[in-house]
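Model the full structure from these sequences, guided by the hints.
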Amino acid sequence: MNIGLIRNFWSLSAYTPITYQLLLNGLITQNCTGISLTETTLNIPTSVTTILASNTNISTIYTARTLQFYVKNPYLMSSGQFQVRNQL
Amino acid sequence: MKIVSSAGVSISYILGTGTIVAQNSTSLTLSGVTTSDYTGPTSKISIISGFTIITPPSSRPFTFTYTTYNVSGGISYGIESTTVTIHCSTGTISTASLTANSYAVNAVTKYVISFNTANGLIAGSYIGITFPAYTAITLASTCLCSNGVVGCTVSSTSFANLTVSGAVVAGTTLTITFNSVTNPNQVMTTASFTIYTYYDSGLDSIVDTLTSGLTLTSIPNQIVSMTVTPASMITYALTSYTIDCTLADPIPTGGNIAITFPTAVTFGSLSLTSTSFTNTTCTLTILSNLVTISSCFTSSVTNLTITLVFANIYNPPSFQTTNSFLMYTYGALGEVDYLTSGVTLTMTIPATSSAFTVTPLSQTVHSTTQYTLSITTTVPHTTGNYFTLSIPSSMAFSGPVCSPVSGIASITCLLSNSTSLVVTFGSTPTASTIVIAVTSIRNYDISSTAVSFQLFFFSTNSYIM
Numbered sequence: 001m002n003i004g005l006i007r008n009f010w011s012l013s014a015y016t017p018i019t020y021q022l023l024l025n026g027l028i029t030q031n032c033t034g035i036s037l038t039e040t041t042l043n044i045p046t047s048v049t050t051i052l053a054s055n056t057n058i059s060t061i062y063t064a065r066t067l068q069f070y071v072k073n074p075y076l077m078s079s080g081q082f083q084v085r086n087q088l
Numbered sequence: 001m002k003i004v005s006s007a008g009v010s011i012s013y014i015l016g017t018g019t020i021v022a023q024n025s026t027s028l029t030l031s032g033v034t035t036s037d038y039t040g041p042t043s044k045i046s047i048i049s050g051f052t053i054i055t056p057p058s059s060r061p062f063t064f065t066y067t068t069y070n071v072s073g074g075i076s077y078g079i080e081s082t083t084v085t086i087h088c089s090t091g092t093i094s095t096a097s098l099t100a101n102s103y104a105v106n107a108v109t110k111y112v113i114s115f116n117t118a119n120g121l122i123a124g125s126y127i128g129i130t131f132p133a134y135t136a137i138t139l140a141s142t143c144l145c146s147n148g149v150v151g152c153t154v155s156s157t158s159f160a161n162l163t164v165s166g167a168v169v170a171g172t173t174l175t176i177t178f179n180s181v182t183n184p185n186q187v188m189t190t191a192s193f194t195i196y197t198y199y200d201s202g203l204d205s206i207v208d209t210l211t212s213g214l215t216l217t218s219i220p221n222q223i224v225s226m227t228v229t230p231a232s233m234i235t236y237a238l239t240s241y242t243i244d245c246t247l248a249d250p251i252p253t254g255g256n257i258a259i260t261f262p263t264a265v266t267f268g269s270l271s272l273t274s275t276s277f278t279n280t281t282c283t284l285t286i287l288s289n290l291v292t293i294s295s296c297f298t299s300s301v302t303n304l305t306i307t308l309v310f311a312n313i314y315n316p317p318s319f320q321t322t323n324s325f326l327m328y329t330y331g332a333l334g335e336v337d338y339l340t341s342g343v344t345l346t347m348t349i350p351a352t353s354s355a356f357t358v359t360p361l362s363q364t365v366h367s368t369t370q371y372t373l374s375i376t377t378t379v380p381h382t383t384g385n386y387f388t389l390s391i392p393s394s395m396a397f398s399g400p401v402c403s404p405v406s407g408i409a410s411i412t413c414l415l416s417n418s419t420s421l422v423v424t425f426g427s428t429p430t431a432s433t434i435v436i437a438v439t440s441i442r443n444y445d446i447s448s449t450a451v452s453f454q455l456f457f458f459s460t461n462s463y464i465m
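If you're matching them up, the sequences are chains A and B in order. Counted from 1, the first sequence has number 48 at position 48 by the numbering used here; the numbering is strictly sequential. Counted from 1, the second sequence has number 99 at position 99 by the numbering used here; the numbering is strictly sequential.
Simulated from the structure, these hints should not be mistaken for lab results. Built from N, CA and C at the ideal position, the CB exists for glycine as well. Check each hint, because a few of them may be wrong.
Said to hold, decoys possible - Some, not all, of what chain B presents toward chain A, calculated at C-beta under 8 Å:
id, residue
1, Y38
2, T39
3, I47
4, S201
5, L203
6, V207
7, L270
As the list claims (entries may be wrong) - Not everything, but these chain B residues come out facing chain A in the computed CB check (under 8 Å):
id, residue
8, G18
9, S31
10, S36
11, D37
12, Y69
13, S72
14, E80
Laid out in structure tokens, this is it:
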């Protein structure tokens, strides 16, 4: 059975639990639980104004750089964290 | 607070809205960067003025990865992430100069290249200097850097590798001497020498560059020797000329030879009858007195002794020494050798008039009468040229008056002595045969005796013609 247009959960944490019911002529005949699902791929933000643009100079100090990150998924004040990682 | 990656990118976070919850050498994690819940899809997290970045010491690309997390039960679950690649611009090498001991074409000489670094280097860094086309470093020749921590090795005829064994701070002047470099084989301004500094052995670790403006302009050499030998030394003879010269340099492929003949030398149906090199494809181009031999140097002419024989050249019309022949050799791109002085011609034998008759109006002995002279000249004459007419000593001019009959519009006479008359052309003759009348010449005293008349032609400035 395929069910279309279900929005995924908005982080990589597991859906726990997923419940479903079996119906017969509109009457619940059975409740089912125990299925969980974990998303595997991070979403991509709507857009980013990055700390540094390309074509900056080498061996240079850039101060007061602004980062703007436009989220596509929910981001909660109380539980949200933001990480910047660099790699050469 | 500062985090420094092992590769040299630094990030610090000072004034932003969040607080640091984790950090290591390559990442920084913040919380509290918003004051309300966002639900997307266009909500903006702004971390204003929060970051200070120190970019790496080379142009090797690096990335920033931005990730949002939701923390639940002490576990961070990723939400969104994106990675941005940063390509830093290299520094520009400044105050670059190039000095050669000799700028002459084909010279094997010493080059001194000097420049200032824009950014620092460390032990393990290196510097590459690429020589442009038409210059060549002698393999296994030596080069030396003024800075003791920079060693120099000639890697090929066009590249030198300079290794750095210690710190070279930004703004250091480096002077490198190449002891044996061959200049271009013809006059040109080369493309720029290029200089790249590298932070480490990776080709993507470029630090500073110089790709323009450092050029060398070569100059020509003087031809070693040149002689011009006409087959005849008679004035205005139509003859052949043999030009022998020893060049200083080979004529490069695609080159040509240009010879400017003196203005007193003129051409008939000029042709190049023989050369010391293969001339089957040669093209002769004549522009006034400039003769160019081209299209016959499909490969370099390395024999520096060359001979050219031209046919159908008119000698100078007088004994006056000519101005110098000029000779240049060229490559496809520029001049190679030159000679602009010291090769002149001086004729030694006057031309003989092809016809000369003298007709007295009266042939009575000792009578004074008019003589008609008809002269067919070999050499072309112009206004101001003159001839002397000599008569036997038993004859005499008596207040002579000269008048043109044909072939010339104006003449004047001046008595030099009783047996010599100077006749000057008041206009350029209109024909090769000129006829003039001279009154008042006293006939010879003895009848039936042949007498001799002599003419000598001179140019305006009194050179024999």
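Cross-check of the supplied hints:
1. Y38: Holds: closest Cβ of chain A sits about 4 Å from Y38 of chain B, inside 8 Å.
2. T39: 5 Å, holds
3. I47: 5 Å, holds
4. S201: Violated - the Cβ of S201 of chain B stays beyond 8 Å from chain A, reaching only about 15 Å at its closest.
5. L203: With a minimum Cβ separation of about 15 Å from chain A (threshold 8 Å), the hint on L203 of chain B is violated.
6. V207: 7 Å, holds
7. L270: 63 Å, violated
8. G18: 7 Å, holds
9. S31: 5 Å, holds
10. S36: With Cβ-Cβ at 6 Å, under 8 Å, it holds.
11. D37: Result: holds, 5 Å to nearest chain A Cβ.
12. Y69: It holds, given that the least Cβ distance between Y69 of chain B and chain A is near 4 Å, below 8 Å.
13. S72: Where the cut-off is 8 Å and the nearest Cβ of chain A is about 6 Å from S72 of chain B, the hint holds.
14. E80: 5 Å, holds
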